[in-house]
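Can you build the whole structure from these sequences, using the hints too?
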Amino acid sequence: MNRFSVSLPGLQLKNPIMPASGCFGFGREFAEFYDLSILGAIMIKATTVEPRYGNPTPRVAETPGGMLNAIGLQNPGLKKVMEEELPWLSQFDVPIIANIAGSTVEDYVSVAKEISEAPNVHALELNISCPNVKHGGIAFGTVPDVAKEVTKRVKNVSRVPVYVKLSPNVTDIRLMAKAVEDGGADGITMINTLTGLRLDMKTGKPILANITGGLSGPAIKPIAIRMVYEVSQTVNIPIIGMGGISSAEDALEFIYAGASAVAVGTANLIDPFICPKIITDLEQLLEKLNIDHISDVCGRSWKHGISGYHCP
Amino acid sequence: MKKIGEMKIVSQKEIAKNIFQLILQGKLVSEIERPGQFVHMKVGEGIDPLLRRPISICEIDRENQIMTCIYRTEGKGTTWLSKKQQGEYINVLGPLGNGFPVQMKSGKVALLIGGGIGVPPLYELSKQLRNRDIQVIHVLGFQTKSAVFLTKEFQRLGVTYIVTDDGSYGEKGFVTDVLKKQNFDFDRLYACGPTPMLKALEQKFPEKEVYLSLEERMSCGIGACFACIRPTKDREDKKGYRKICSDGPVFQAGEVIL
Ligand SMILES: Cc1cc2nc3c(=O)[nH]c(=O)nc-3n(C[C@H](O)[C@H](O)[C@H](O)COP(=O)(O)OP(=O)(O)OC[C@H]3O[C@@H](n4cnc5c(N)ncnc54)[C@H](O)[C@@H]3O)c2cc1C
Ligand SMILES: Cc1cc2nc3c(=O)[nH]c(=O)nc-3n(C[C@H](O)[C@H](O)[C@H](O)COP(=O)(O)O)c2cc1C
Ligand code: FES
Numbered sequence: 001m002n003r004f005s006v007s008l009p010g011l012q013l014k015n016p017i018m019p020a021s022g023c024f025g026f027g028r029e030f031a032e033f034y035d036l037s038i039l040g041a042i043m044i045k046a047t048t049v050e051p052r053y054g055n056p057t058p059r060v061a062e063t064p065g066g067m068l069n070a071i072g073l074q075n076p077g078l079k080k081v082m083e084e085e086l087p088w089l090s091q092f093d094v095p096i097i098a099n100i101a102g103s104t105v106e107d108y109v110s111v112a113k114e115i116s117e118a119p120n121v122h123a124l125e126l127n128i129s130c131p132n133v134k135h136g137g138i139a140f141g142t143v144p145d146v147a148k149e150v151t152k153r154v155k156n157v158s159r160v161p162v163y164v165k166l167s168p169n170v171t172d173i174r175l176m177a178k179a180v181e182d183g184g185a186d187g188i189t190m191i192n193t194l195t196g197l198r199l200d201m202k203t204g205k206p207i208l209a210n211i212t213g214g215l216s217g218p219a220i221k222p223i224a225i226r227m228v229y230e231v232s233q234t235v236n237i238p239i240i241g242m243g244g245i246s247s248a249e250d251a252l253e254f255i256y257a258g259a260s261a262v263a264v265g266t267a268n269l270i271d272p273f274i275c276p277k278i279i280t281d282l283e284q285l286l287e288k289l290n291i292d293h294i295s296d297v298c299g300r301s302w303k304h305g306i307s308g309y310h311c312p
Numbered sequence: 001m002k003k004i005g006e007m008k009i010v011s012q013k014e015i016a017k018n019i020f021q022l023i024l025q026g027k028l029v030s031e032i033e034r035p036g037q038f039v040h041m042k043v044g045e046g047i048d049p050l051l052r053r054p055i056s057i058c059e060i061d062r063e064n065q066i067m068t069c070i071y072r073t074e075g076k077g078t079t080w081l082s083k084k085q086q087g088e089y090i091n092v093l094g095p096l097g098n099g100f101p102v103q104m105k106s107g108k109v110a111l112l113i114g115g116g117i118g119v120p121p122l123y124e125l126s127k128q129l130r131n132r133d134i135q136v137i138h139v140l141g142f143q144t145k146s147a148v149f150l151t152k153e154f155q156r157l158g159v160t161y162i163v164t165d166d167g168s169y170g171e172k173g174f175v176t177d178v179l180k181k182q183n184f185d186f187d188r189l190y191a192c193g194p195t196p197m198l199k200a201l202e203q204k205f206p207e208k209e210v211y212l213s214l215e216e217r218m219s220c221g222i223g224a225c226f227a228c229i230r231p232t233k234d235r236e237d238k239k240g241y242r243k244i245c246s247d248g249p250v251f252q253a254g255e256v257i258l
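In order, the protein sequences belong to chains A and B.
Residue numbers are given in the UniProt record's numbering: position 56 of the first sequence equals residue 56, and the series is strictly consecutive.
Residue numbers are given in the UniProt record's numbering: position 175 of the second sequence equals residue 175, and the series is strictly consecutive.
Keep in mind that the hints were calculated from the coordinates and are not lab data.
Each hint can be trusted.
Going by beta-carbon spacing under 7 Å, a handful of chain A positions derived as facing chain B:
| no. | residue |
| --- | --- |
| 1 | 64 |
| 2 | 65 |
| 3 | 71 |
| 4 | 74 |
Cβ-Cβ distance ranges computed for the label pairs, FRET-style:
| no. | chain 1 | residue 1 | chain 2 | residue 2 | range |
| --- | --- | --- | --- | --- | --- |
| 5 | A | 106 | B | 108 | 53 to 63 Å |
| 6 | A | 120 | B | 4 | 24 to 34 Å |
| 7 | A | 281 | B | 84 | 20 to 30 Å |
| 8 | B | 159 | A | 120 | 55 to 65 Å |
Once the Cα atoms are required to be at most 27 Å apart in a straight line, the calculated DSSO-like pairs of lysine-lysine come out as:
| no. | chain 1 | residue 1 | chain 2 | residue 2 |
| --- | --- | --- | --- | --- |
| 9 | B | 152 | B | 17 |
| 10 | A | 79 | B | 239 |
| 11 | A | 202 | B | 17 |
C-beta: ideal position from N, C-alpha, C; glycine also.
Given below as structure tokens:
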């Protein structure tokens, strides 16, 4: 029996595990290690209209159980992603979720319109929450009306379902979730990184050239779990949860919190085999816990009368 | 091909102050293609430290699937590593990066310049160049006498000049002082060490074939995360950047901005 398959807007997932955007490039480096077709889906690196160079280095700094990054959305630009990366990925039997970013609403609309035409792009993920770019990005992700507007405009032009990626850098994430749902979002992905800062012991200055960076990894997991728990009780669209997942237990915890599927980010940077590992382990974990199907336990943390309920 | 696996510690010893020589055995050694490649080591048991640590390959013994690394204890990760003992295992990802090109006509002269903890990868390079009947000259710079290592091994392969910042071992001064004094005649230069040293070498020999090994803070080490980027010197370059972990860590002088 398949305990694993999950059906979400635009996405028929073989299993609920996928690499998170920015931690998997466009898959090329990981294809040297395993067949990408075993993944539930792939969230590709943020794509912008024009190529972006990103921030100066150092771009990463380690923290206890986590890391700060300030890559600055470096990517080869829409044209190259359409002409080279997506066609290359089409050799694998795996749906692609295209993470898109921009500085203006028009940027998002242009990328969404074109990238949603690619045959293997089954959904978009609006990155309105990147903390590492000077203009836009975070503003879209922290003001509900702005988030709603960009969601609506992208929905108008996209040929595939639209997921909106929420930033945890807000006072009440439920307001943001509600706003993008009102804007017509088909789903929510969460969470992006938390803005942090690390200083060098010798110089007293920031380690990152960008000064601040986005915190990811196991350190942020409890925050992400709390936020998925809150948002899943607020909206009626499905959630793909992420933030610090590095084991099958972590993945299941997100499902219990109210996510329908999960994404693995930082852990790929430490163990290139982490996604296949979690897929195998999760199957065994479900068996051990006598869970017939992963969707049966979605939102178990807050649902009364658990059996038979499926998340949206 | 890149591999990930457990490598057994054959031995570990402190060969200079805070400088450790770690000898590892495992299948991954068969995959090493060139000197100057590096490995990414998992340090610590759990999630702290989280990231792997990049360490250069210093010497390989293919037949016995053995490789040597030499590292300096800096912070949490390398200090943890230095406590591991013979018979224990380290999780290693590698080999990574492209390393130094060794193709060169026999009889030519190669000048190898190392600064501090940049010295180790030059050792395997020198050995391989010698096997190709290339004459090697080494210029090695260290901070002070207690930080000097591997000098006898280098001396066995070719003429070796040693300097220390404080003059406590060899001549006093920087590697560039040796170059000024000796005015070597050479066909190719290889260097690994602190960025100011690499910059000085790049400026001093604009007409020569120069290969430099760079360092940057990394996370994935395989080219996926865009942490370790350097801009190219050529503004017309199609990509405009190189990844130190996967396009480098060795670059020909002039390819990227130091
Ligand atoms: C390609 C490459 C090859 C290297 N080869 C060697 C070698 O052969 N021998 C050796 O002693 N050292 C080498 N280094 C440097 C070595 O990686 C660092 O000294 C080590 O990561 C420090 O870890 P730590 O936990 O002890 O220090 P911490 O300061 O606690 O490390 C904190 C974080 O900063 C990173 N970091 C700190 N210093 C450096 C550095 N100089 N370069 C890159 N990242 C750094 C760490 O990886 C870690 O993510 C190499 C670096 C690179 C990029
Ligand atoms: C190096 C790095 C690059 C990232 N780049 C992107 C990106 O381009 N777009 C995006 O939406 N999120 C990006 N993220 C955020 C991750 O997709 C994810 O939301 C976050 O890291 C939390 O998950 P984790 O703890 O499993 O990494 C990036 C994260 C890291 C560590
Ligand atoms: S360390 Fe990830 S791209 Fe180089």
